[in-house]
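Q: Residues per chain are reported as follows:
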Amino acid sequence: MINLETPKKHRALIEQAHQTAANMLRPISRKYDAAEHEYPKELDMLAAMIDGLSESGAAEGAGAAGVRRDENGGDDGKVKNGANLASVLSVAEMCWGDTGLMLTMPRQGLGNSAIASVATEEQLKRFQGTWAAMAITEPSFGSDSAAITTTAKLDGDHYVLNGEKIFVTSGERADSVVVWATLDKSLGRAAIKSFVVEKGTPGMKVERLEHKLGIRASDTAVILFTDCRVPAENLLGSPEIDVKQGFAGAMATFDNTRPLVAAMAVGTARASLDLTRELLAKAGVEVDYDRPAQVQSAAAAKFLQMEADWEAAQLLMMQSAWMADNRKPNSLEASMAKAKAGRVGSDITLSCVELCGTLGYSEGELLEKWARDSKILDIFEGTQQIQQLIVARRVLGLTSGELK
Amino acid sequence: MSLTRTFKPGGRHGLPSSESRDPIGFAVAALNRVAQSELLDRMRLRKPAEQAVYTATRSGFKAIGAASRTFEKRGKRGAAGVRVPSADGRGIFDLTPTEDEQMLVDVVTEFATDVVRPAAAAADDECAAPKELLESSLEIGLPILGVPESLGGVSEARSAMAGTLVAEALAKGDLGLAVATLAPGAVATALSLWGTDEQQQTYLPAFTGSDVPAAALALSEPTVLFDALSPATTATRRDGGFVLNGVKSLVPRGAEAELFVVGAELEGKPVLFLVESSAEGLHIEADPAMGVRAAGLTKLKLKDVKVPAEAVLGETDGSTYTECVRLSRLAWCALAVGTAQAVLDYVTPYVNERHAFGEPISHRQAVAFMVADIAIELQSMRLVTYKAASRAAQGLDYSREVALARRLCADKGMKIGNDGVQLLGGHGFVKEHPVERWYRDLRAIGLAEGAVLV
Chain A
5 MINLETPKKH RALIEQAHQT AANMLRPISR KYDAAEHEYP KELDMLAAMI
55 DGLSESGAAE GAGAAGVRRD ENGGDDGKVK NGANLASVLS VAEMCWGDTG
105 LMLTMPRQGL GNSAIASVAT EEQLKRFQGT WAAMAITEPS FGSDSAAITT
155 TAKLDGDHYV LNGEKIFVTS GERADSVVVW ATLDKSLGRA AIKSFVVEKG
205 TPGMKVERLE HKLGIRASDT AVILFTDCRV PAENLLGSPE IDVKQGFAGA
255 MATFDNTRPL VAAMAVGTAR ASLDLTRELL AKAGVEVDYD RPAQVQSAAA
305 AKFLQMEADW EAAQLLMMQS AWMADNRKPN SLEASMAKAK AGRVGSDITL
355 SCVELCGTLG YSEGELLEKW ARDSKILDIF EGTQQIQQLI VARRVLGLTS
405 GELK
Chain B
15 MSLTRTFKPG GRHGLPSSES RDPIGFAVAA LNRVAQSELL DRMRLRKPAE
65 QAVYTATRSG FKAIGAASRT FEKRGKRGAA GVRVPSADGR GIFDLTPTED
115 EQMLVDVVTE FATDVVRPAA AAADDECAAP KELLESSLEI GLPILGVPES
165 LGGVSEARSA MAGTLVAEAL AKGDLGLAVA TLAPGAVATA LSLWGTDEQQ
215 QTYLPAFTGS DVPAAALALS EPTVLFDALS PATTATRRDG GFVLNGVKSL
265 VPRGAEAELF VVGAELEGKP VLFLVESSAE GLHIEADPAM GVRAAGLTKL
315 KLKDVKVPAE AVLGETDGST YTECVRLSRL AWCALAVGTA QAVLDYVTPY
365 VNERHAFGEP ISHRQAVAFM VADIAIELQS MRLVTYKAAS RAAQGLDYSR
415 EVALARRLCA DKGMKIGNDG VQLLGGHGFV KEHPVERWYR DLRAIGLAEG
465 AVLV
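These protein sequence lines map, in sequence, to chains A and B. Here the first sequence is numbered in the working numbering, starting from 5 and rising by one per residue. Here the second sequence is numbered in the working numbering, starting from 15 and rising by one per residue.
Source of the hints: derived by calculation from the structure; they are not laboratory data. Wrong hints could be hidden among the right ones.
[Stated by the list, open to error] Here are the simulated DSSO-like pairs of lysine-lysine, each with C-alpha atoms no more than 27 Å apart in a straight line:
| # | chain 1 | residue 1 | chain 2 | residue 2 |
| --- | --- | --- | --- | --- |
| 1 | A | 332 | A | 82 |
| 2 | B | 145 | B | 283 |
| 3 | A | 379 | A | 306 |
| 4 | A | 157 | A | 203 |
| 5 | A | 35 | A | 306 |
| 6 | A | 408 | B | 315 |
| 7 | A | 82 | A | 216 |
| 8 | A | 379 | B | 315 |
| 9 | B | 429 | A | 306 |
[What the hints assert, rightly or not] Pulled a few chain A residues facing chain B out of the computed Cβ check, cut under 8 Å:
| # | residue |
| --- | --- |
| 10 | 6 |
| 11 | 85 |
| 12 | 295 |
| 13 | 297 |
| 14 | 311 |
| 15 | 313 |
| 16 | 316 |
| 17 | 320 |
| 18 | 323 |
| 19 | 369 |
| 20 | 370 |
| 21 | 396 |
| 22 | 399 |
| 23 | 403 |
[To be verified] Coverage of chain A stretches by chain B, computed from C-beta distances (three or more under 8 Å per stretch; other residues unrestricted):
| # | segment |
| --- | --- |
| 24 | 54-67 |
| 25 | 338-350 |
We put the beta carbon where it would ideally sit given N, CA and C, even for glycine.
Please model the complete structure; the sequences and the hints are all you need to start from.
A: Listed below in structure tokens is the structure:
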């Protein structure tokens with residue numbers, strides 16, 4: 005039966021995330037925006053609490069690792085609301101609090117999602133509890149992940165990594181980094197594999213931390229790998245170079261992380277909408293849902309349009325997670341969700357600053373911060389344009405050779 | 015004064031009254047007068063092809079309402095009518111229709127593909143739905159979707175979701191014909207939702223029988239910045255009944271309709287009234303529009319139309335009327351989703367087959383990204399609409415969700431209609447392809463009130 009309400013079983017978890025966001029993240033939101041690169045020590049206690057929740061089962065499997073698709077669970081034909089849906093809904097709630105802080109939450113890194121997506125059962129156990137960052141991008145490429153130049157050469161029972169990675173979220177703080185490298189550049193995409201490199205491995209060096217437009221609470225590192233020896237068993241998934249399967253294995257990670265990034269945009273945008281609604285109400289502008297927009301004030305009309313776009317982004321996000329929960333292929337829907345949430349996130353947070361004038365522009369409120377934080381969400385894990393490419397290829401039935 | 019008025023072009027032909035003429039303007043205006051002169055025609059100076067061809071509809075007809083059957087009063091006056099319960103949501107996020115809904119969608123999809131789409135272009139042209147098409151729409155049970163089982167309909171629980179899915183599937187065939195076929199159902203559903211026992215017993219048998227009357231839900235009015243919640247049409251109490259005055263627009267199949275549900279303001283509150291077409295003082299005027307033409311749009315003029323006390327449908331405090339407006343908007347959203355899907359389904363093969371510069375135009379990002387955005391926003395419209403519909407079916411407050419769906423479907427639906435034509439270029443502008451019709455039809459979303467209801 006068609007029902008798009010927040011699942012009953014996840015409501016307690018979401019409320020918990022909301023309380024955490026409101027009472028833990030918001031009070032330190034401005035502090036770590038100003039003090040870029042300072043470690044938010046408050047988060048250690050929060051991470052411990054989240055671990056406790058996970059073990060008690062109260063978290064419904066939500067979190068960065070919640071994207072794993074359980075292949076063993078029997079399909080009883082019943083519709084499931086599982087860990088994927090719980091994850092996007094709680095991530096959105098945490099990002100309503102603060103996206104930068106959420107991104108630097110111990111053990112909730114994108115690398116954890118990568119591990120959950122492609123690791124074998126043995127690896128999953130071995131890396132349990134690690135806080136993993138993700139290192140894909142290099143100075144010479146961004147969206148074109150197939151252009152990876154970082155190499156991994158098998159030498160005995162180790163792979164030797166050489167190359168430079170940039171834009172590594174939590175690259176300094178995390179316990180380990182999931183590094184994408186090629187086994188053989190001449191074999192193209194199929195030879196690209198990911199490796200878990202633990203912090204302190206000789207040959208791995210955090211070169212510097214970036215100064216950024218937003219999500220400043222989260223550190224973004226440049227990492228150099230010079231003859232960095234990684235145990236062969238740290239290659240995630242299968243070491244076989246399957247030319248037929250090509251890039252699909254590595255790309256499966258994105259099907260799982262894109263709904264999470266959509267969730268971040270949905271959460272950030274709602275923070276802006278919630279506050280703007282209240283500020284507008286204080287100024288005497290209330291949105292009337294029954295009257296046509298054109299007989300209301302321009303501010304109310306703009307608000308209606310933003311809220312409608314927001315609702316769409318949220319439902320696309322929920323749809324892609326719901327499909328993952330029910331083991332339906334969702335890469336089209338995941339890209340739709342990220343494309344919509346990414347652009348809507350920018351429009352909403354920026355428009356809310358405009359509606360609130362210098363009040364919104366000033367550091368006295370958080371509206372200007374959300375407008376800076378939201379921008380990255382339309383970029384990382386695949387830019388707006390990459391999502392459009394993916395959607396277009398799927399809808400039009402074109403290959404990456406035909407639609408470049 | 016009258017002379018200066020004729021020199022001033024404003025106030026007519028869509029020109030603002032501030033418009034003035036310079037010498038060239040006067041010359042052009044004079045030339046235009048000559049061009050319009052009958053002298054040219056008498057002297058056979060004009061090419062026959064230039065003669066304006068006015069269809070009977072375009073030139074307009076004026077008529078009193080269709081001869082109405084006698085709706086014999088039955089049932090208990092003032093007693094509550096039959097109501098179906100709300101659907102039970104079970105609290106699980108789910109995008110799968112029920113088996114019954116899916117079956118319905120399959121039947122309607124087949125009808126839309128095999129019957130509606132092939133008839134669409136001609137119906138648009140003629141401003142009328144073909145008789146056979148209307149008859150077969152009765153066979154698949156369109157008017158009784160929202161009518162309770164115990165009253166001869168098919169509804170066991172609140173059917174807003176099923177109605178939404180059906181409207182979407184129909185509009186995939188054609189929006190104008192969808193409105194034409196759904197119009198009687200809007201009135202039947204309204205009677206089922208809010209009618210008294212007497213109103214249900216009096217009118218519904220006609221809708222559940224074999225000779226279903228045309229009927230129309232008339233909420234729109236021809237005014238700028240029209241606000242459905244504040245209709246200018248008035249109802250005044252007189253002689254134990256009411257007197258209605260005003261003009262309603264966007265009334266589908268008004269010329270043949272035998273029963274109207276009319277929105278009017280009574281003592282400061284908007285209220286719904288049942289008006290039979292035989293009522294004195296009721297006039298119908300053809301009012302063809304940019305699109306939705308197959309629905310046979312008309313204006314309904316009410317001049318001192320007397321209706322009895324029991325003509326009030328639902329509450330007089332504005333609550334029934336407001337719910338009716340919301341459910342009608344929901345139906346229009348569903349129609350937008352179906353039409354936008356038709357656009358996507360049409361442009362996809364076109365851009366793959368159309369070649370320019372040695373390759374399909376779909377191989378260019380400028381084209382491909384437009385298609386991607388159509389797909390993304392279409393799914394956005396669908397999900398937001400489904401959420402509102404599902405809340406309505408479950409008896410939850412859906413005022414916010416319906417408003418958001420309407421905003422989104424108006425904005426994105428029109429953009430999809432616009433891009434649909436753009437993607438076909440000049441070919442999109444000519445009637446050989448249906449995209450120009452969808453462009454015209456989708457402009458109705460966001461401004462249309464009434465006519466359809468889920």
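Q: Next, verify each hint and record whether it holds.
A: Against the structure, the hints come out as follows:
1. A:332 <-> A:82: holds (13 Å)
2. B:145 <-> B:283: Status violated; Cα separation ~38 Å.
3. A:379 <-> A:306: Distance ~20 Å between residue 379 of chain A and residue 306 of chain A Cα, so the pair holds.
4. A:157 <-> A:203: holds (20 Å)
5. A:35 <-> A:306: violated (31 Å)
6. A:408 <-> B:315: violated (58 Å)
7. A:82 <-> A:216: This hinted pair is violated, its Cα atoms lying about 45 Å apart.
8. A:379 <-> B:315: At roughly 54 Å apart (the allowed maximum being 27 Å), residue 315 of chain B and residue 379 of chain A break the hint.
9. B:429 <-> A:306: The hint holds at about 17 Å.
10. 6: The hint holds - residue 6 of chain A has a Cβ within 8 Å of chain B, the shortest such distance being about 5 Å.
11. 85: holds (5 Å)
12. 295: holds (6 Å)
13. 297: holds (7 Å)
14. 311: The hint holds - residue 311 of chain A has a Cβ within 8 Å of chain B, the shortest such distance being about 6 Å.
15. 313: holds (7 Å)
16. 316: This hint holds: residue 316 of chain A lies near chain B, its Cβ roughly 3 Å from the closest one there, short of 8 Å.
17. 320: At 6 Å from the nearest chain B Cβ, residue 320 of chain A passes the 8 Å test, so the hint holds.
18. 323: holds (6 Å)
19. 369: violated (25 Å)
20. 370: violated (24 Å)
21. 396: holds (4 Å)
22. 399: holds (5 Å)
23. 403: It is violated, given that the least Cβ distance between residue 403 of chain A and chain B is near 10 Å, above 8 Å.
24. 54-67: With 0 residues closer than 8 Å to chain B, the segment 54-67 of chain A misses the three-residue bar; violated.
25. 338-350: The restraint on the segment 338-350 of chain A holds, since 3 of its residues have a Cβ under 8 Å from chain B and three suffice.
Violation of the numbered hints given earlier is confined to hints 2, 5, 6, 7, 8, 19, 20, 23 and 24; the remaining hints are satisfied by the structure.
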